[in-house]
Each structure stands twice: as C-alpha cells, then as structure tokens.
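Chain by chain, the residues run as shown.
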Amino acid sequence: MNELQAKGFWYSEWAFALFVACLSSGIFAGTHLYYVYHVGAFNDIAIVAMLEAGIKGGGYGAAAAFGASFLFARILEGPLVGILDIGGSLQTGIGIGVPALMLGAGFTAPLISFPLALTTGAVLGLAIGAVIILIRKFTINSVNSTFGADVMMGAGNAAGRYLGPLIVISAIMASIPVGIGATAGAAIFYYFNKPIAGGAIIGAMVLGAIFPIPTQ
Amino acid sequence: MVTIIIVLKSIVIGALVGFGVGAGAARMFHAPNVQGMGAFRTFGELNACAGDPISHFSFGLGFLFNSWASVVGAGALTQDVDHRVIPNWAAAILLWKNKNVEETLHNPKRMAFAGALVGVVVVTLLNSTATAIPQSMQLVATKVLVPAANWLINPIMPIVFWMAALDAGKRTGIWGTVLGGMSHLVMGNAVPGIVLGILIGKGLDDSGWNRITKTMVVAVALLFVLSGFFRAFDVALLKSLQVEIPQWLVELHETFGSAVKK
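Sequences listed follow chains A and B, in order. Our numbering puts the first residue of the first sequence at 215, with every later residue one more than the last. Our numbering puts the first residue of the second sequence at 120, with every later residue one more than the last.
For the record, the hints were derived by calculation from the structure and aren't laboratory data. Treat each hint with caution, since some may be false.
One-sided excerpt, in silico: chain B residues whose CB lies under 7 Å from chain A [unchecked claim]:
1) L271
2) I272
3) R290
Small disclaimer: the values here were computed from a predicted structure and weren't measured. Backbone N, C-alpha and C define an ideal beta-carbon position, used for all residues, glycine too.
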C-alpha cells in the first residue's frame, strides 16, 4: 500500500518544496498584515511580542536570533525525522525571524507591499524545501538515527499541557471574577475531556465581559 | 475600507496556508518515506481523534477560541491555526463523507483542497472580527493570556525540555545542559539550545563521531557565534567583565547596522 501510494505528484519530493513555498508565502504575508494592520501574524503572542518590541524601536536582535535559530534547528531536524516542524521553521523562522532581520537592516519593502510579501515568502519557502530535500538525499539513507525525535516529541507534548493551569493562575492574578470564571471553565472542559486551556479562556472571557478587569 | 482590504488579503493568505498545511499533514502519515510537514504534536493529536469527525471538529473548535482570544488581544493568530485548527477541520470535513482515513486524512491531494477551504474561512474570520471585539474582552486576553504564554515560553518550556534531555541519557543531558545554558545566555531562551543538545547527544549515541555529527557540531557552534554577534552578546559579555571594548569590534557591529552602546 505504502509503496503504491508513495508515487505520483502529491507524494513526490519536489511537490514538498511547492507545499513549503505555499505555506511560507501565506505566513510571510500574514506578518505583512501584522506589520501594516496589526492583525494576522501566524504565531503565539509571546513570540509576536518580540517582533513588536522591534517595531516599537527596541531593536530586532531578539526576534531575529530566536527566529533564525529555530529555522536552522528545524531545517536540520526536518529531513532526519521525516516531519518538518512548521511552528519553528516557518511560523517562527520565516514569519518572525526573517522579517526581523529585514526590518533590522532597514529593508521594509517586503513587509509593506502585499504582492512582494507573497513573493518573498514563496521564494524563501522554495529554498527551504529544496535544502531539506537535498539533506534527505544525503543523510536519510546513510544514517540509522532519529536524533532524539522521540525525546523532543515527548517534551513538546508535555510542555503543551502546562498552558491550561498557567492560564487559570494568570486569570486569578488578574481579578477575582475572571479567576473564578477560568477555574470553572477549566473544570467543565476537563469533565468533558476537552483541553482545559480552552475552558479557562472561555470562562475568563465570559466573566471578564460582565465584570471588566480594573485597569490601574 | 481597511476591513475589506484585510478580508481580501486574508482570503489569499488562508488559501495558501491551508493548502500547504493540508498537504503537509497528510504526508506526515507517510513519513519517513515521504517528507511531511506539521509537527509531532499535530501528528499525535490527529491520531488521537482516531478518524472521528466530531472529535476532529471539536478539538479544532477549542483551539479556534484560543486563537480568537489571542488575535483580539495582540493581533497574533497563534501557531494553533496551522497546527490544530486547519488540519483537524480539514480532516473533519473529509471524514464526514468518507470514514476511511486512507482515502481522506492520509491523502495529500484531498487534504490540501479541504485545508485551503478551511484556511480561507478561518483566517478571514479571525482577522476580520478582531477589530469588532469589545474592550473588556481584549483586556482579558492581554491581562490573562499574555502572562500565561510568557510563563510557558520561559521558564516552563526550557525546564520541560531540559528534564527530557536529562532523562534521555548522560550524553544528551550534558549536551542539553551546556547548549541550553549557552542558548539562554545568547538567544534569550534555552529551548533551541536544548533541542540541538538532544539532536547531537542522540546522534552521538546512535552513530558516534561521523561526518554528519561533526558537521552538526560545527554548524551549531557557528549558529551560536552568529546569534551572539547579532544580539551584541559579545559586547555585553566584555562589558560585564569590565573589559574595554576594542574599536574594531565597535566598527564591525556598525557595519551590520547595530550601534554599540558605551
């Protein structure tokens, strides 16, 4: 079955480069939306905040180094384990790191123009896809190691579980009603076998809409 | 007017992103013979829903609320749109008509088109409603979600990855500890360093010092040197050791556009 499936365009190596190009084109354009309209960046608040620090004049070093190092690590890891992590490579690397490098160098055009943003993302994605396919050609058949993919997979899953309790604690520190809402929401979601982070957020939002958090 | 432009651009972006994510996710099921893309947690979660369309849909919905709160608060869609919402909803749409995962979830062509459809709807919805959310809700997002997300990135994630590295064997533990500490110094977060430590440690465990592991160590060293330089860690280090910063170093930084503070 697998050998039969592994043929044709949709399973081919060069189609992979095309898929990466599509995705990174969209992600880079998402950062364009964020840069121009302050909405639509494909990343988590904490990571986007690093780019925002640069836009506000605090220097792009943090975002550039963080993004570039993730991009590098994931490109190395992707072909070895067979799964390219789009969070680290494309969303953080292409979406945050590369824009930070460009903005840090005063090169704003790719982030201001939408067509240019799409093109830039596509070209970068195509390059990344090609590099990964090349690394695959030279390594995948010659090495018998997963390079600890299972260890990282386990840690990644474990870290995600912490988010729910963290949101509840953060809500309790924000205000009493919001804290009660988050706690109840988390408990209800847990009872129905849903991720408790989602319940905590909904609970905090409902109570926060009725009893707004006081601003200093 | 601005909203219309955002909607039009979001449709293009959503289609591109959804197409790539859908195809990449389906290809993950054929790894390592076929190069996939997504994430290990996405792969695990797609498997956990076991081809049940309602599970896939509600899992995606839970994270849609997450993303919605985040885009309202900070304009950030979260990584979950690509990792969870699009792949799970694309799977839910396909599985609604055909329960056979081989022909649906594992098929890159079908997942690519379903993903593009979901991407258009989700990205446009999230980006266009963000401006229409009341102030009190935005406050919850920034006062509750931002601190929680910051704690997760630092120190929770470094600790979890660090423990995983320590538990995976002596060599991985040492490489993870050294590179993790250096990465927190140079890059501001230990996770990339620990991941590289696990990569090198496990690589050495499995195959010893060969061309690939040697290349990796050299590349990692280069990565640290370059990130250190671009974050001006070299200057900060010299300053904290009370050493005079040489003029050539100041000039070198200036050629790359970063002014050295005295």
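Consistency of the hints with the structure:
1. L271: 6 Å, holds
2. I272: At 5 Å from the nearest chain A Cβ, B/I272 passes the 7 Å test, so the hint holds.
3. R290: Cβ of B/R290 sits 10 Å from chain A, so the hint is violated.
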